[in-house]
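Peer 1: Just so you know, the sequences run in chain order R and W.
The first sequence begins at 2 in the numbering used here and counts up by one.
The second sequence begins at 2 in the numbering used here and counts up by one.
None of these hints come from the bench; they were simulated from the model.
Since the model is a prediction, treat every value here as computed from it, not as a measurement.
From the three backbone atoms N, C-alpha and C, an ideal C-beta is built for every residue, glycine too.
Be a bit skeptical, because a hint or two may be false.
Said to hold, decoys possible - Okay, derived cross-link-like pairs now, BS3-like style, lysine-lysine, Cα gap no bigger than 27 Å in a straight line:
1. W/329 with R/329
2. W/55 with R/40
3. R/40 with R/55
4. W/55 with W/40
Stated by the list, open to error - Derived CB-CB ranges, DEER-like:
5. W/337 with R/88: 54 to 62 Å
6. R/123 with W/329: 34 to 42 Å
7. W/123 with R/123: 21 to 29 Å
8. R/28 with W/275: 40 to 48 Å
9. W/277 with R/258: 55 to 63 Å
10. R/49 with W/89: 24 to 32 Å
Chain residues, written in single-letter form:
Number of protein chains: 2
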Amino acid sequence: MQGAHAGQGAPAGAPAADGATGETAGESPMAVLAGRARKAARTLAQSSSSERDKALWAAASALRTASADILAANARDLAAYTGSEAFRDRLTLDAERVEAMARGLEAIADLPDPVGQVLDEWSRPNGLHIRRVATPVGVIGVIYESRPNVGADAAGLCIKSGNAVLLRGGSESVHSTRAIHAAIQAGLRVAGLPEDTVQIAPDADRRHVADMLAAAGLIDLIIPRGGRGLVERVQREARVPVLAHAEGLCHTYIHADADPAMARRIVLNAKMRRVGICGATETLLIDAAIAPGLLPQIVADLAESGCTFRADARAVGIVPDLPAATPKDFATEWLDAVLNVAVVDDVDEALDHIARYGSSHTEAIVTADEATAIRFMNGVSSAVVMWNASTQFCDGGEFGFGAEIGIATGRFHARGPVGVEQLTTFRYEVLGNGQIRA
Amino acid sequence: MQGAHAGQGAPAGAPAADGATGETAGESPMAVLAGRARKAARTLAQSSSSERDKALWAAASALRTASADILAANARDLAAYTGSEAFRDRLTLDAERVEAMARGLEAIADLPDPVGQVLDEWSRPNGLHIRRVATPVGVIGVIYESRPNVGADAAGLCIKSGNAVLLRGGSESVHSTRAIHAAIQAGLRVAGLPEDTVQIAPDADRRHVADMLAAAGLIDLIIPRGGRGLVERVQREARVPVLAHAEGLCHTYIHADADPAMARRIVLNAKMRRVGICGATETLLIDAAIAPGLLPQIVADLAESGCTFRADARAVGIVPDLPAATPKDFATEWLDAVLNVAVVDDVDEALDHIARYGSSHTEAIVTADEATAIRFMNGVSSAVVMWNASTQFCDGGEFGFGAEIGIATGRFHARGPVGVEQLTTFRYEVLGNGQIRA
Numbered sequence: 002m003q004g005a006h007a008g009q010g011a012p013a014g015a016p017a018a019d020g021a022t023g024e025t026a027g028e029s030p031m032a033v034l035a036g037r038a039r040k041a042a043r044t045l046a047q048s049s050s051s052e053r054d055k056a057l058w059a060a061a062s063a064l065r066t067a068s069a070d071i072l073a074a075n076a077r078d079l080a081a082y083t084g085s086e087a088f089r090d091r092l093t094l095d096a097e098r099v100e101a102m103a104r105g106l107e108a109i110a111d112l113p114d115p116v117g118q119v120l121d122e123w124s125r126p127n128g129l130h131i132r133r134v135a136t137p138v139g140v141i142g143v144i145y146e147s148r149p150n151v152g153a154d155a156a157g158l159c160i161k162s163g164n165a166v167l168l169r170g171g172s173e174s175v176h177s178t179r180a181i182h183a184a185i186q187a188g189l190r191v192a193g194l195p196e197d198t199v200q201i202a203p204d205a206d207r208r209h210v211a212d213m214l215a216a217a218g219l220i221d222l223i224i225p226r227g228g229r230g231l232v233e234r235v236q237r238e239a240r241v242p243v244l245a246h247a248e249g250l251c252h253t254y255i256h257a258d259a260d261p262a263m264a265r266r267i268v269l270n271a272k273m274r275r276v277g278i279c280g281a282t283e284t285l286l287i288d289a290a291i292a293p294g295l296l297p298q299i300v301a302d303l304a305e306s307g308c309t310f311r312a313d314a315r316a317v318g319i320v321p322d323l324p325a326a327t328p329k330d331f332a333t334e335w336l337d338a339v340l341n342v343a344v345v346d347d348v349d350e351a352l353d354h355i356a357r358y359g360s361s362h363t364e365a366i367v368t369a370d371e372a373t374a375i376r377f378m379n380g381v382s383s384a385v386v387m388w389n390a391s392t393q394f395c396d397g398g399e400f401g402f403g404a405e406i407g408i409a410t411g412r413f414h415a416r417g418p419v420g421v422e423q424l425t426t427f428r429y430e431v432l433g434n435g436q437i438r439a
Numbered sequence: 002m003q004g005a006h007a008g009q010g011a012p013a014g015a016p017a018a019d020g021a022t023g024e025t026a027g028e029s030p031m032a033v034l035a036g037r038a039r040k041a042a043r044t045l046a047q048s049s050s051s052e053r054d055k056a057l058w059a060a061a062s063a064l065r066t067a068s069a070d071i072l073a074a075n076a077r078d079l080a081a082y083t084g085s086e087a088f089r090d091r092l093t094l095d096a097e098r099v100e101a102m103a104r105g106l107e108a109i110a111d112l113p114d115p116v117g118q119v120l121d122e123w124s125r126p127n128g129l130h131i132r133r134v135a136t137p138v139g140v141i142g143v144i145y146e147s148r149p150n151v152g153a154d155a156a157g158l159c160i161k162s163g164n165a166v167l168l169r170g171g172s173e174s175v176h177s178t179r180a181i182h183a184a185i186q187a188g189l190r191v192a193g194l195p196e197d198t199v200q201i202a203p204d205a206d207r208r209h210v211a212d213m214l215a216a217a218g219l220i221d222l223i224i225p226r227g228g229r230g231l232v233e234r235v236q237r238e239a240r241v242p243v244l245a246h247a248e249g250l251c252h253t254y255i256h257a258d259a260d261p262a263m264a265r266r267i268v269l270n271a272k273m274r275r276v277g278i279c280g281a282t283e284t285l286l287i288d289a290a291i292a293p294g295l296l297p298q299i300v301a302d303l304a305e306s307g308c309t310f311r312a313d314a315r316a317v318g319i320v321p322d323l324p325a326a327t328p329k330d331f332a333t334e335w336l337d338a339v340l341n342v343a344v345v346d347d348v349d350e351a352l353d354h355i356a357r358y359g360s361s362h363t364e365a366i367v368t369a370d371e372a373t374a375i376r377f378m379n380g381v382s383s384a385v386v387m388w389n390a391s392t393q394f395c396d397g398g399e400f401g402f403g404a405e406i407g408i409a410t411g412r413f414h415a416r417g418p419v420g421v422e423q424l425t426t427f428r429y430e431v432l433g434n435g436q437i438r439a
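With the hints as extra help, turn the sequences into a complete structure.
Peer 2: Written as structure tokens, this is what we have:
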């Protein structure tokens, strides 16, 4: 049993039994918190939708009541902070941002309860009725940076989905995180749910991250929310399943049968609406048949809005003043007003390019030809593929999921936007009336 | 990009782009095969259901044609084999077992195509239509022991679900595996699908296993099929997502409101029908209120069929000649005619016992009281929970999945029986008519 639990680095290892975990997970402070979270998770698994929603409403009101305390705590964090201005802005709370956190929790409470949803059901000839039912994951660990409000969002999504959560925020935001946490625990108390449902790292000790990543069998899922360095470290070191948002190297492919006006509109939006989000298009692929007429217009649209370019030789042949791209450019997620451009012969060359450089996040094709669209959609391994739409629609809100904790770029469990439904797993319930197996 | 791929030990790391994998995955023989498998997987992703079924039918007929060669190869393996008799039997093929392999492939061909199934769909106010579509995983690595027929089953399930597969069979069965593999490749040729869809380790070198476990970004999923040692090693070392069958420490709980005759029938079947399968009950939990009358009958039923016992003090108090259990007994998956017995006060004490000792595989409750059954089902973290049925129903065939490659005991992706549907993942397809994001 121990071994099976020690083997939890695998995403599908057996989840821990309480008995084993105490033994396997050592005595690190995070392991102790995780053990308490696991007990809380068992209570939560028996809780009602209305109890969990009540906790969210009460936490929202506690956040409003505690607004002054939260801002005072945040001021302490800011006073001690010495880093970049951009980072300082993300660290900074004000009355509006606290109110937004509270409204965020209320919006999560208003979502349908994902727990207990019957995902599938069928009956067997022997009379057994089998149903696949959505259940909480158990204990989720969220490791995030800078923005203290991520803690409130993550706690809200986990409470709604019946999970206990361990929060490890950035060391710069330790006082803000504590103040927010106090309000959320107040909400849990009002609803009669265990305070241990939401716990935070006791201090800014960096060791806590390593302890969480090693807490196989105690923590069922780790969600890293932050920069590439954090996500890659978590993916490399975790011995616990990880729901990670790696990279969004998204492509928009304009097929020869695309409507030119639609293609111009989509590319401009996909690249420039917000250049810093993971769903922003980083590379434009355009068919040689349509490029001579259309590419100059697209370049003009984008240049006018402040975009620069890295173009392959064929694109430079059409728009001579485009800077030449290196292969490294095509592998770069710019998150900036920079667009890679490559001219391709057809959908298969576009798929080859995406297979070579893509990150399996989101790709789009613009075409009026359905057969080509289907070939494109079947040919990418990406979590999300758009047909005649902007890649910037890859977003939990735009998908109708309500709040999201991030975009998952892996092959399994959740892919794409991660909302409350994606924070559940399932079990099979087999309902009989005494059946035995022949 | 490299980093993100190197981080693939995480279950949710971004899958590899072809370009990157060549760089990240080194030059091991298995990595070279996996690279070829990835190319084959891209062709398979564009293949039709009828092409894949044609390959399965042709492979079945090629197995029959090659029956003599396969048995000759198997004879070479047996001649070189020096291990236990039980293992030798599992290694041994005969004409019937070859025919069973062929029929198995035909049965898989007859299953509905899981690829392209629309799992969910909805429309957004802006007119975008979003659908969640089942897609192949990509490249699956199967590491198995002894039984050469596992290779044929695994290849069949992967072909049906549109996946390429790398097979690493036991070193004792290397000649048998080669002969079976030749027949499957013949089937792929007949259907015009890439031979690289199904590949085997070039020889018995044990290094190939480590190379597969390290092939992050090249192999999308590893499935270990074998003993606890293999599974635990894979879970410990894999830097690739793993779909593992850990342990089946299954419990049957008899609640005070159980029908005694039903309870006796279910316990006898759950323990003794086949003692060596993972769905066999290892521990009986019985309410104190019903135990004095019922436990002696259950013990008599089981003893008569050759079962022995490990009982807690309260059970010994009711049936004095029961041997006393140690805590270690309750944590032991016997896979034998041995039953742990514990008397509990109520469903919550039963849930505590299962949380402490269980492996989250399959549990059963026998009760006529629905509220108690619901509390029990919500209170276990197990992949499968039975109400008034034998735990031995945890089986792909009994679930109606057709062939299965194993039972998954993890928290994510597939839980319980793993058939062709469980060898798919999904993507979101977002269908627009030019939408851009505001």
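Peer 1: It remains to establish, for every hint, whether it holds in the given structure.
Peer 2: Hints and how they fare:
no., hint, in the structure
1, W/329 with R/329, "violated, 56 Å"
2, W/55 with R/40, "violated, 52 Å"
3, R/40 with R/55, "holds, 20 Å"
4, W/55 with W/40, "holds, 20 Å"
5, W/337 with R/88: 54 to 62 Å, "holds, 60 Å"
6, R/123 with W/329: 34 to 42 Å, "holds, 39 Å"
7, W/123 with R/123: 21 to 29 Å, "holds, 23 Å"
8, R/28 with W/275: 40 to 48 Å, "holds, 41 Å"
9, W/277 with R/258: 55 to 63 Å, "holds, 59 Å"
10, R/49 with W/89: 24 to 32 Å, "violated, 56 Å"
Hint violations for this structure: numbers 1, 2 and 10, all remaining hints satisfied.
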